[in-house]
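Got chain A; can you put chain B on it based on the hints?
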Amino acid sequence: GAVVSQHPSRVICKSGTSVKIECRSLDFQATTMFWYRQFPKQSLMLMATSNEGSKATYEQGVEKDKFLINHASLTLSTLTVTSAHPEDSSFYICSATRQGAKNIQYFGAGTRLSVL
Amino acid sequence: DAKTTQPPSMDCAEGRAANLPCNHSTISGNEYVYWYRQIHSQGPQYIIHGLKNNETNEMASLIITEDRKSSTLILPHATLRDTAVYYCIVRAVNFGKGTSLLVTP
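Quick note, the sequences are listed as chains A and B, same order. Here the first sequence is numbered in the working numbering, starting from 1 and rising by one per residue. Here the second sequence is numbered in the working numbering, starting from 117 and rising by one per residue.
Please keep in mind that the hints were generated in silico from the structure rather than gathered at the bench. Incorrect hints may have been included.
As the list claims (entries may be wrong) - Straight line, CA to CA, 25 Å or less: simulated SDA-like cross-link-like pairs of lysine to any residue: (1) Lys-213/B with Ser-43/A; (2) Lys-64/A with Ser-18/A; (3) Lys-102/A with Lys-168/B; (4) Lys-213/B with Gly-61/A; (5) Lys-213/B with Gln-38/A; (6) Lys-185/B with Val-209/B; (7) Lys-20/A with Gln-158/B; (8) Lys-20/A with Phe-91/A; (9) Lys-119/B with Glu-59/A; (10) Lys-55/A with Thr-17/A; (11) Lys-20/A with Val-3/A; (12) Lys-14/A with Ser-157/B; (13) Lys-102/A with Tyr-148/B.
To be verified - Computed footprint of chain A on chain B; a stretch qualifies when at least three of its residues, placed anywhere within it, have a C-beta under 8 Å from a C-beta of chain A: (14) 139-153; (15) 157-166; (16) 209-221.
Glycine included, each C-beta is placed from N, C-alpha and C at the ideal position.
Same shape as in the complex, but just chain A (with noise of 0.2 Å):
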């Protein structure tokens, strides 16, 4: 059990133009999703945590105009990032804790973003 489900795993797009990707709770409700991004050879930094119905709380130095974050049921978060630039390409990384499981994080398969 716990699967969380990331798409798409890979996106290449244009300068400009904006990305949507999608994280799923596939066997699970989650409580809580975090959207991370990580640079090569770097560790996860967490960009904004977001609860159902919600707004996202995002973290110091995130744009939350650039990185908006729909959070619309308890199954499915999404991270879009807009007016895409080559200095956001890296790897978005979606998690999510479920009730009762001492907020384990179960994590998606990350998304590779190149901006052209």
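Relative to the frame of chain A, chain B by itself:
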């Protein structure tokens, strides 16, 4: 949030036990210790967690010192597929740099 300190890298021979240490000297009484690992270009995978007692599951064992200021993740019989970056985190969602474990034949 409590911080963790891990060695940047470790080597282990295949079939031997891999013991990965983590210091979390500022941990609070109700904070859990979590271990995850990340194989290259994949999302992290949960391994194990604990509060004060030692824990074991099908993947690993977790030994937490009595004062809870440090812990050790033990992979009893390391395989080549255990080569990954191992993260020890305390309650919070912020990952440090982890330990890059290389299992060699």
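Which hints, by number, does the structure contradict? Of the numbered hints given earlier, the structure breaks none, since each of them holds.
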